[in-house]
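Chains as they are written, first to last, in my numbering: chain A, 577 to 926; chain B, 3 to 365.
Hints in this document: simulated from the structure, not taken from any laboratory. Since we're looking at a predicted model, the values are computed, not measured. Built from N, CA and C at the ideal position, the CB exists for glycine as well. Treat each hint with caution, since some may be false.
[Claimed, not checked] Here chain B is said to cover these stretches of chain A; the calculated rule only asks that three of the stretch's residues, wherever they fall, bring their Cβ under 8 angstroms from a Cβ of chain B:
id : stretch
1  : 719 to 725
2  : 753 to 767
3  : 798 to 807
4  : 811 to 821
5  : 894 to 907
[Stated by the list, open to error] Cβ-to-Cβ under 10 angstroms is the rule here; a few derived chain A residues that face chain B:
id : residue
6  : Pro696
7  : Ala699
8  : Gly701
9  : Ser716
10 : Gly771
11 : Tyr793
12 : Leu828
13 : Ala855
14 : Leu858
[Unchecked claim] Computed cross-link-like contacts, DSS-like style, restricted to lysine-lysine with a CA-CA straight-line distance of at most 30 angstroms:
id : chain 1 : residue 1 : chain 2 : residue 2
15 : A       : Lys800    : B       : Lys328
16 : B       : Lys296    : A       : Lys790
17 : B       : Lys336    : A       : Lys637
18 : B       : Lys225    : B       : Lys204
19 : B       : Lys193    : A       : Lys807
20 : A       : Lys800    : B       : Lys193
21 : B       : Lys58     : A       : Lys842
22 : A       : Lys611    : A       : Lys688
23 : B       : Lys204    : A       : Lys767
24 : A       : Lys800    : B       : Lys336
25 : B       : Lys87     : A       : Lys767
26 : B       : Lys133    : A       : Lys898
27 : A       : Lys807    : B       : Lys336
28 : B       : Lys192    : B       : Lys133
29 : B       : Lys296    : A       : Lys800
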Amino acid sequence: MFLGRAALRSSTRALHTVTLFPGDGIGPQISESVKNIFAAAEVPIQWEERQVYPILEPNGKTRIPEDAVESIFKNKIGLKGPMRTAIGKGHVSLNLTIRRTFGLYANVRPAKSVPGVITPYSAEGVDCVIMRENTEGEYSGIEHTVVPGVVQSVKLITREASRNVAEYAFQYAKDHGRKNIVALHKANIMKMSDGMFLEQCREVAAKYPEISYKEMYLDSACLKIVSDPSKFDVMVMPNLYGDIFSDLTAGLIGGLGLAPSGNMGKDGIAIYEAVHGTADDLVEQNKGNPTALLMSALMMLRHMGLKTHADKIEGAVLETLKERKFVTGDIGGTATNPEYAAEICRKIKG
Amino acid sequence: SRCINAEYGSSGINAEYGVSTAAAPRTKYGGKTTVTLIPGDGVGPELAESVTTIFKEMAVPVEFEMIDLNREQLKDEGAFDYAIKSLKRNGVGLKGVINRSADFRHHNVEFRGNLDVYANVVRCMSFEGIKTHHTGIDLIAIRENTEGEYSCLEHESVPGVVESLKIITREKSMRIAKFAFDYAREHNRKKVTCIHKANIMKQSDGLFKACCKEVSEDYPMIKYEEQIVDNTCQQLVINPQQFDVMVMPNLYGNLVSNLAAGLVGGAGVVPSKSYGENIAVFEPGARHTWMEMKGMYVANPSAMVLSGAFMLKHLQLHEAGDVLIKAVNNVINKRSCLTIDLGGNASTHDMTNTILSEVDALS
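Sequences and hints are given; from them, build the entire structure.
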């Protein structure tokens, strides 16, 4: 999983090809901003753009276009904008299809307070990372009506998937100098499923004695994090809890418009994405906020070993946000997407 | 028609769902009502002590049938079954949290299932005297408490693969939806939001959502909304004032009520009420045993005392109930006594005594 990174590091002067899925709605517009900002910072990346849309096969399975799949398998690294899933067309959600196609098993959602975006939690500061198991759990999609009026929904937890996300979480913590991992669960109620998840976390924890490992009930975590988020570092959990909890932490720092995310797959595949929606109502005036996509792109740069470029861009973004002269509507400003991006480029070029 | 209004003294029975939250006759001997008291584990016994002390000082005509259900006693099946019988007989209980015993029985879950205490109501209201990240919160989280993710049906289908079943039924979803709307109407609340994840769990949460929508049509004067649970958690930390009454299945109810309790001051100050047919159970809103602090008498008994006060009102002992509610709120808002969760180092006893002094001052 980390071979790709070492190889890239040794060739920082070479041009890296990275796949870009602009997505729908504001996706293409905010992708444009990311490209412009990266150009201004002279990031040694060339973008290979591909369109992603669902293709319903005769056997009922959904897939995405061949060229999109090939691009990721070749480049290993990708950036994805928000995607719309048409309802009622019979196919499975695009996000789910992408996850399955590339075996994206760990979703990484850092939440760090942004200077210039004041929330009730800015004072004590938020700096946590959620590691969410991303292939199973409550998202197995297995549901059936037992008799009319009684529905059963199956939550699947496997030793293997739990192990994979736990391994990634601890390695991530080690690589990024994070000292604490807490596993969030409801094993008091779901003793076997969440119990299995915890068992895997414990086994992996034993291999990383330098990292402190604890377990906490999910409801206790909800209670505590809204009182004092500064006490939370890295957290690992199954799918549904990760989905809910990472939206909670995004809320603590100012919302989904600012929250980056990365998805780890097999064989070194890593796809970074903005987790917000397509915001179709903002397309006409080009008023979407590219920050989440941009922050995800910076996560990607760091993963590729291009830390200097990432830091440079991040500095410019944080300064722009702090000044609040050219910020987008969702965080209280009046600037359009290109105006905000232009200001960041200005700051990069100095 | 149906009305449920334990605090304000009216009562009624709903013909279709058979729920009554105040009308059933109570066990009364010599003018005193008998209620079941289950202190639970961890700091539970200390909190229960606070309530019994206060009730005694106030000479409240309530007799407690105390049932200790700690881990040791639970090994005897009879102890648990006795507790259930007691609650069925008395119809009213005050409860702490029972730590899950060594075997596979989930006692807290079984309680609710066995007694069909299906509606858990947690009102989270900002306290003037507690410094929190948000102010002006006044939401009511209504949680279906007998099915959903808490069916406790799990099996390892093949080694290394566990299936856990979540059950949603039309019957229970309709029931909790009706409860929520009736509750909203009785308490003059303007909006009910259904919290779900039907975009992913299309059939189960889809059914829950459809039931709420169906019931909403009978209450045109109450605004009805739907919201996806992850967005709800985000909204709760950004703009919690937007929420009024929220109705949701079991797990989301657990998370949302804990989150909201954290927003207004924590597990030590938020009470809850739970209703079934002819039964009402009162307990703290965020159910945690706080095992680490067991025996230290540092826990804040306010949530338990407030739960006790709501129980008094349910028993039509309004004078005592109202005085006690006012006293606890005064103590918290005037910051007269600060236990560890409120930033000080007062003990459970200190808080009990301060509440009693305030009760005296108000009487």
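Verification of the supplied hints:
Counting residues of the stretch 719 to 725 of chain A whose C-beta sits closer than 8 angstroms to any C-beta of chain B gives 5, which meets the bar of three, so the coverage hint holds. Counting residues of the stretch 753 to 767 of chain A whose CB lies closer than 8 angstroms to any CB of chain B gives 5, so the stated coverage by that chain holds, three being the minimum. Under a criterion of three residues with beta carbons nearer than 8 angstroms to beta carbons of chain B, the stated coverage of the stretch 798 to 807 of chain A is upheld, 6 such residues being counted. Counting residues of the stretch 811 to 821 of chain A whose CB lies closer than 8 angstroms to any CB of chain B gives 4, which reaches the minimum of 3, so the coverage claim holds.
With a cut-off of 8 angstroms between beta carbons, the stretch 894 to 907 of chain A has 0 residues touching chain B; three or more are needed, and the interface restraint is violated. Taking 10 angstroms as the C-beta contact cut-off toward chain B, the hint placing A:Pro696 at the interface holds, the least distance being around 4 angstroms. This hint holds: A:Ala699 has a C-beta 9 angstroms from the nearest C-beta of chain B, less than the 10 angstroms allowed. Among the interface hints, the one on A:Gly701 is violated; its C-beta lies about 13 angstroms from the nearest C-beta in chain B, farther than the 10 angstroms criterion.
Below 10 angstroms, beta-carbon pairs count as interface contacts, and A:Ser716 has one with chain B at about 9 angstroms; its hint therefore holds. Here the hint on A:Gly771 is kept, as its CB sits about 8 angstroms from the closest CB of chain B, short of 10 angstroms. Hint status for A:Tyr793: holds, given a least beta-carbon distance of 8 angstroms to chain B, under 10 angstroms. Contact between A:Leu828 and chain B, as hinted, is supported at the beta carbon level, the nearest pair being about 5 angstroms apart and thus within 10 angstroms.
Hint status for A:Ala855 relative to chain B: violated, with the closest Cβ pair at about 14 angstroms, above 10 angstroms. Nearest Cβ of chain B to the Cβ of A:Leu858: about 18 angstroms, over the 10 angstroms cut. The hint is violated. Proximity of A:Lys800 to B:Lys328 is assessed by CA-CA distance (about 27 angstroms); at most 30 angstroms being required, the pair is judged to hold. Pair hint B:Lys296 plus A:Lys790 holds up; C-alpha atoms about 20 angstroms apart against a cutoff of 30 angstroms.
A threshold of 30 angstroms between alpha carbons decides the hint, and for B:Lys336 with A:Lys637 the separation of about 63 angstroms lies outside it, so the pair is violated. Pair hint B:Lys225 plus B:Lys204 holds up; C-alpha atoms about 24 angstroms apart against a cutoff of 30 angstroms. Taking the CA atoms of B:Lys193 and A:Lys807, the gap is near 35 angstroms; set against the 30 angstroms cutoff, the hint is violated. About 28 angstroms separates the Cα atoms of A:Lys800 and B:Lys193, which keeps this hinted pair within 30 angstroms; it holds.
As the CA atoms of B:Lys58 and A:Lys842 are separated by approximately 65 angstroms, the hinted pair breaks the 30 angstroms bound. At most 30 angstroms may separate the alpha-carbon atoms for a hinted pair to count; A:Lys611 and A:Lys688 meet this at roughly 24 angstroms. Between the alpha carbons of B:Lys204 and A:Lys767 the distance comes to roughly 25 angstroms, so the proposed pair stays at or under 30 angstroms and holds. With a C-alpha separation of about 24 angstroms, the suggested pairing of A:Lys800 with B:Lys336 holds against the 30 angstroms cut-off.
At most 30 angstroms may separate the alpha-carbon atoms for a hinted pair to count; B:Lys87 and A:Lys767 meet this at roughly 27 angstroms. For the suggested pair B:Lys133 and A:Lys898, the alpha carbons sit about 27 angstroms apart, so the restraint of at most 30 angstroms is met. A hinted pair counts as satisfied when its Cα atoms are at most 30 angstroms apart, and A:Lys807 with B:Lys336 qualifies at roughly 28 angstroms. Our distance criterion of 30 angstroms between C-alpha atoms is met by B:Lys192 and B:Lys133, whose separation comes to about 27 angstroms.
For a cut-off of 30 angstroms, the pair hint linking B:Lys296 to A:Lys800 stands: about 19 angstroms separates their Cα positions.
When the structure is compared with the earlier hints, violations turn up for hints 5, 8, 13, 14, 17, 19 and 21 and for no others.
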